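Enquirer: Protein chains in written order, with the numbering used here: chain A, 1 to 515; chain B, 516 to 613; chain C, 614 to 1117.
FYI, nobody ran anything at the bench for these hints, they're computed from the structure.
Worth double-checking, as some hints may not be accurate.
[Unchecked claim] Covered by chain C, according to a simulated footprint, are these stretches of chain A (three or more residues, beta-carbon under 8 Å):
#1 28-38
#2 238-247
#3 326-333
#4 339-347
#5 432-441
#6 448-457
#7 474-485
[As the list claims (entries may be wrong)] Calculated cross-link-like contacts (lysine-lysine; reagent style DSSO-like; alpha-carbon spacing at most 30 Å):
#8 B:605 x C:825
#9 C:758 x B:605
#10 A:102 x C:707
#11 C:681 x A:118
#12 C:646 x A:93
#13 B:542 x A:102
#14 B:605 x A:102
#15 B:605 x C:854
#16 A:102 x C:758
Remember, predicted model here, so these are calculated numbers, not experimental data.
Virtual Cβ for every residue (Gly too), placed ideally from N, Cα, C.
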Amino acid sequence: MNQIIQLSATELAAKLRAGEITSVAAVQAHLDRIAEVDGGERGIHAFLHVNTEEALAVAAEVDAIRAAGGTDAQALHPFAGVPIAIKDLIVTKGQPTTAASKMLEGWMSPYDATVIEKIRAAKLPMLGKTNLDEFAMGSSTEHSAYGPTRNPWDLDRIPGGSGGGSAAAVAAFEAPLALGTDTGGSIRQPGAVTGTVGVKPTYGGVSRYGAIAMASSLDQIGPVTRTVLDSAYLHELIGGHDAADSTSLNEPVPALIAAAEQGASGDMTGVRVGVIKELQGEGYEAGVQERFDESLEALRAAGAEIVEVSCPNFKYALGAYYLIMPSEVSSNLAKFDGVRFGTRVLPAEGPLTIERVMGATRAAGFGDEVKRRIILGTYALSAGYYDAYYGSAQKVRTLIQRDFDAAFEQADVLISPTSPTVAFELGSKTDDPLAMYLNDVATIPANMAGIPGITVPGGLSEGLPVGIQFLAPAREDARLYRAGAALEKLLEDKWGGRLLDQAPELSAATTGGVA
Amino acid sequence: MSAISREDVAHLAQLAHIEMSDAELDKMTGELGVIVESIASVSEAASADVPATTHPIALSNVFREDVVGPTLTAEEALMNAPDSVDTRFKVPAILDGE
Amino acid sequence: MAMHQEELVDFDVALEKYDPVLGFEVHVELNTKTKMFSSAPNVFGDVPNTNVTPVCLGLPGVLPVVNKTAVEYAIMIGLALNCKIAERCGFARKNYFYPDTPKNFQTSQYDDPIAYDGWIDIELSDGEVFRVEIERAHMEEDAGKLTHMGGSTGRIQGADYSLVDYNRSGVPLVEIVTKTIEGAGKRAPELAKAYVAAIREIVKALDVSDAKMERGNVRCDANVSLMLKGAEKFGTRTETKNVNSLRAVEHAVRFEIERHAAVLNSGEAIVQETRHWHEDTRTTTSGRPKSDADDYRYFPEPDLVPVVTTVEWIEELRSRLPEPPAERRKRLQADWGYSDAEFRDVVNAGVTEQIEETIAAGTTAAVARKWWMGEIARLAKNADKDVADLGVTSATIVELNSLIESKKINDKIARQVLEFVVAGEGTPSEVVEKRSLAVVNDDSALGAAIDAAMEAMPDVVAKVKGGKLQAIGALMGPVMKATRGQADAGRVRELVLQKLGIEG
Ligand SMILES: [Mg+2]
Ligand SMILES: [Zn+2]
Chain A
1 MNQIIQLSAT ELAAKLRAGE ITSVAAVQAH LDRIAEVDGG ERGIHAFLHV NTEEALAVAA
61 EVDAIRAAGG TDAQALHPFA GVPIAIKDLI VTKGQPTTAA SKMLEGWMSP YDATVIEKIR
121 AAKLPMLGKT NLDEFAMGSS TEHSAYGPTR NPWDLDRIPG GSGGGSAAAV AAFEAPLALG
181 TDTGGSIRQP GAVTGTVGVK PTYGGVSRYG AIAMASSLDQ IGPVTRTVLD SAYLHELIGG
241 HDAADSTSLN EPVPALIAAA EQGASGDMTG VRVGVIKELQ GEGYEAGVQE RFDESLEALR
301 AAGAEIVEVS CPNFKYALGA YYLIMPSEVS SNLAKFDGVR FGTRVLPAEG PLTIERVMGA
361 TRAAGFGDEV KRRIILGTYA LSAGYYDAYY GSAQKVRTLI QRDFDAAFEQ ADVLISPTSP
421 TVAFELGSKT DDPLAMYLND VATIPANMAG IPGITVPGGL SEGLPVGIQF LAPAREDARL
481 YRAGAALEKL LEDKWGGRLL DQAPELSAAT TGGVA
Chain B
516 MSAISREDVA HLAQLAHIEM SDAELDKMTG ELGVIVESIA SVSEAASADV PATTHPIALS
576 NVFREDVVGP TLTAEEALMN APDSVDTRFK VPAILDGE
Chain C
614 MAMHQEELVD FDVALEKYDP VLGFEVHVEL NTKTKMFSSA PNVFGDVPNT NVTPVCLGLP
674 GVLPVVNKTA VEYAIMIGLA LNCKIAERCG FARKNYFYPD TPKNFQTSQY DDPIAYDGWI
734 DIELSDGEVF RVEIERAHME EDAGKLTHMG GSTGRIQGAD YSLVDYNRSG VPLVEIVTKT
794 IEGAGKRAPE LAKAYVAAIR EIVKALDVSD AKMERGNVRC DANVSLMLKG AEKFGTRTET
854 KNVNSLRAVE HAVRFEIERH AAVLNSGEAI VQETRHWHED TRTTTSGRPK SDADDYRYFP
914 EPDLVPVVTT VEWIEELRSR LPEPPAERRK RLQADWGYSD AEFRDVVNAG VTEQIEETIA
974 AGTTAAVARK WWMGEIARLA KNADKDVADL GVTSATIVEL NSLIESKKIN DKIARQVLEF
1034 VVAGEGTPSE VVEKRSLAVV NDDSALGAAI DAAMEAMPDV VAKVKGGKLQ AIGALMGPVM
1094 KATRGQADAG RVRELVLQKL GIEG
């Protein structure tokens, strides 16, 4: 494997600034890796679009500025020239955006998402757009209309979802950084099952403008990386107030890099870590529980005070989520009707009215999971059911927030396994929606309450990664980076290196890609 | 809470403007039934005196000043249109001819 | 669909048996610089799909942001309608599919409108004041504009396809909803017209809307039901959509009363439905019945946060309100020196603003009244149009008046000129020029015509000489004929007297 692609983003950025390597070389190394492991018969298939020319052009521009030196070079963002992959739910000018749906096949956005404007301004070359469950609905990336993504740890297993493409790209060294979106765990659960780091920021911490909405009151864009410090850098880059998003927090991004650097000492003295009683035990695999207990031990040994907290209303969280999310989905996805953009499908027979064209377009353009959620949401909002369903779910949301408020009286951060299981086999749950939904049982409460969460690698179970989740109060994202970086340091010391160093070697031979 | 019937699903599909075959309706009815049953506990959990949370982070009065900003050109507006005439989007008849 | 002739019952006969119950939903387009939720310009009539942002088109990924000025205008409308202003209110999504609605939901308000529980007093032509109670005034956004193509009529029925322009998509609207209005009796059509006129007057005075009904700035949905006199329960109502002129509001309410009475008299039931108004035939036709499809699945708009008002903010907005219409009327009547009857006629004719503008532009109050209540009103009646829709402006009247004062034309010619102005031939001066309508003031030409007339009518000349000066009128006919109507009557009189050596 080319050594450049094994560097963390922070390491790569340092070498770029020092002039040890060029951004063009870094981008080319990642493009080569993508060619080698992404596209073959058994390729990772993390990318739906590879943005070769533009990425190289931006890299060349950064190299030229650095070579010229002076104030322009000094004004560059520290990560200028470090390539990044973008979840294909985030709109980009000049690259197609599909949301992994047939509905948007070939659609070109005439505008950039706010986070993309920030990435362009910081001159991070965009490698391309990553695969996901259609419109971010799923926990395995098997609901992509363009085929599933494979888990780099085991090509017959899922990479999690919906952001399986971003997580797999980072885990497979196809990109050092990626953007994801997290509505019920779509950054954190893929992070857990691919052995990578992922952060869901506080709701409103990162602008949603340009992220194709799934459930507006739950969605957040966040970083997907291989190290906690890399996430801190990316989070500070994409975060902050945006006047185009009415739910954007009007306050500065917290000092996340500093928090990650503080945590990297491994010292947890005085930090109270709350173990959520309801997010362990039944339904959690034994191997997952073992790694979780080891993490707790490591934190305790590093000076953390481990306390147990109870969140009794979490048992309603999944149900409430599956009312609020589809309700918002049913409305957010109404715009996909074949009138202004995207696919238009004419009815096979009968009169050609717009009503029937919309019906045929949405029948052909949406996959089963999307339809299921639209119908469920339409039901939950319909007259006569609103109070019992949507109204009740919003009340449960209040109860979950109260549980968190009480828990954060006792603890600075909360901790749980990120996902109850390790990566499962492709196809094993596609016919059982409920079983699929249970993957997000530990990640959903944070979205319901708007609080931030991080997943960091917690070791292996049966050779597959286990994720450890920290949660913090709203606006206290810095605590996640402190605790996450500490656990990362403690466990890597124990493993004698990064978890991903233990991943099987991928090559053109294993994936059927281009050598 | 009543179970979800095939007629319910057909009606919902119509409201949602998604054409569904009979087979699809049958499958969807079964799946939705299971899901609806599993989420039924939510209404039991929520008592009357609990306020609803519509937005996870409470903000208010987020406004924009009344100042004109950049617009799309007609070309950009129509670049993805499935069908158009001059600078307008073209859609099939709204009402059935007969 | 075969058109069938609706059975009607004579209005007065219907009113002997039934009491009409009314309700109105008036949509007012605000004249903010930008749209409700996007910074696209709020401009009517440009090249289609040029005043749009990704938000106006509902593109994937976009988010709305509320226009503060639109909120303030909504509050001002609420205050002018004597409403309470919500301390806290939010936006909601109204979900329905229609190609002019880019997101396939309208962002509106649902159970917490920004203004509620108000009233306005409507002065009717008999001088009685009728109080209309306001249920709510809420903020929402307009839809795009559909143009139906193919078919014969340009209507939605029979069209082959439709074209969509989203320039209007997202224009801020305030929807004003009345409580049910009982007790209007046979004045129901008049009240309907006067109510919409009053709303228009208010939003125009507030300067929050251009308030041009012909441009759809103010649009009325009229609800009508009948109940048997003495009954306690309301009848089934129909909602006639988009009635877009004052006269049409009056006619639509009258038509629905006559139609409902006929249906009820025949023992059938009124279908709760929307009705379409047809200006050409002055009738309504059945739209779509109320059905399950009206399940709008409202829920709180997650992309927008609540509006919270403070006393200070509301009072600041209240201080911006113009004087209330009733007080304004009192002041105008005093300024203009009209009698009570004269002023009431002016108000009922709906030309208060026009007269005010005309006076401001430089005529006397008497002259302004003479034109707006006289010739213009007559032309409007003949053309079956609202006075406002004739294309006559204060500038027209000022120009016409100065042509008269400078003796370029006389009163009679001025009336002709006005007709040509209404017919679209240009400004008064242009019409006079093009049609050579200037008065013949050339004394030699006039003199010749007068000489000829006097010669032809010696008996008349004798009468005038004998002191019967009014006999001069008989000479006017032939003189006018000879000058093709362009002689100035006063000048003819002067010249006749001069020729006969009589002191005028
Ligand atoms: Mg209405
Ligand atoms: Zn409305």
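Enquirer: Each hint needs a verdict: does it hold in this structure or not?
Expert: Right, here's what the structure says about each hint:
Coverage of the stretch 28-38 of chain A by chain C is violated [criterion: at least 3 residues with CB-CB distance below 8 Å; count 0]. Counting residues of the stretch 238-247 of chain A whose beta carbon lies closer than 8 Å to any beta carbon of chain C gives 5, which meets the minimum of three for the stated coverage. Proximity of the stretch 326-333 of chain A to chain C, defined as three or more residues with a beta carbon under 8 Å from a beta carbon of that chain, is established by the 4 residues found. Under a criterion of three residues with beta carbons nearer than 8 Å to beta carbons of chain C, the stated coverage of the stretch 339-347 of chain A is upheld, 3 such residues being counted.
With 0 residues carrying a beta carbon less than 8 Å from a beta carbon of chain C, the stretch 432-441 of chain A misses the three-residue requirement, and the given coverage is violated. Given as covered by chain C, the stretch 448-457 of chain A fails the check, having 0 residues with a CB less than 8 Å from a CB of that chain where 3 are the minimum. Residue count for the stretch 474-485 of chain A with a Cβ under 8 Å from a Cβ of chain C: 0. That is fewer than the three needed, and the coverage hint is violated. Distance restraint check for residue 605 of chain B and residue 825 of chain C: the Cα-Cα separation of roughly 28 Å lies within the 30 Å cut-off, and the hinted pair is therefore satisfied.
Proposed proximity of residue 758 of chain C and residue 605 of chain B is supported: the alpha carbons are some 12 Å apart, at most 30 Å. Of the supplied pair hints, the one linking residue 102 of chain A and residue 707 of chain C holds, its CA atoms being roughly 27 Å apart against a limit of 30 Å. At most 30 Å may separate the alpha-carbon atoms for a hinted pair to count; residue 681 of chain C and residue 118 of chain A meet this at roughly 27 Å. Between the alpha carbons of residue 646 of chain C and residue 93 of chain A the distance comes to roughly 28 Å, so the proposed pair stays at or under 30 Å and holds.
Simply put, residue 542 of chain B and residue 102 of chain A have alpha-carbon atoms about 22 Å apart, close enough for the 30 Å limit, and the pair holds. Of the pairs offered as hints, the one joining residue 605 of chain B and residue 102 of chain A holds, with about 21 Å between alpha carbons and a cut-off of 30 Å not exceeded. For the proposed pair residue 605 of chain B and residue 854 of chain C, the alpha carbon gap of about 25 Å is at most 30 Å, so the pair holds. The straight-line distance between the Cα atoms of residue 102 of chain A and residue 758 of chain C is roughly 29 Å, inside the 30 Å bound, and the hint therefore holds.
Of the numbered hints given earlier, the model fails hints 1, 5, 6 and 7; all others are met.
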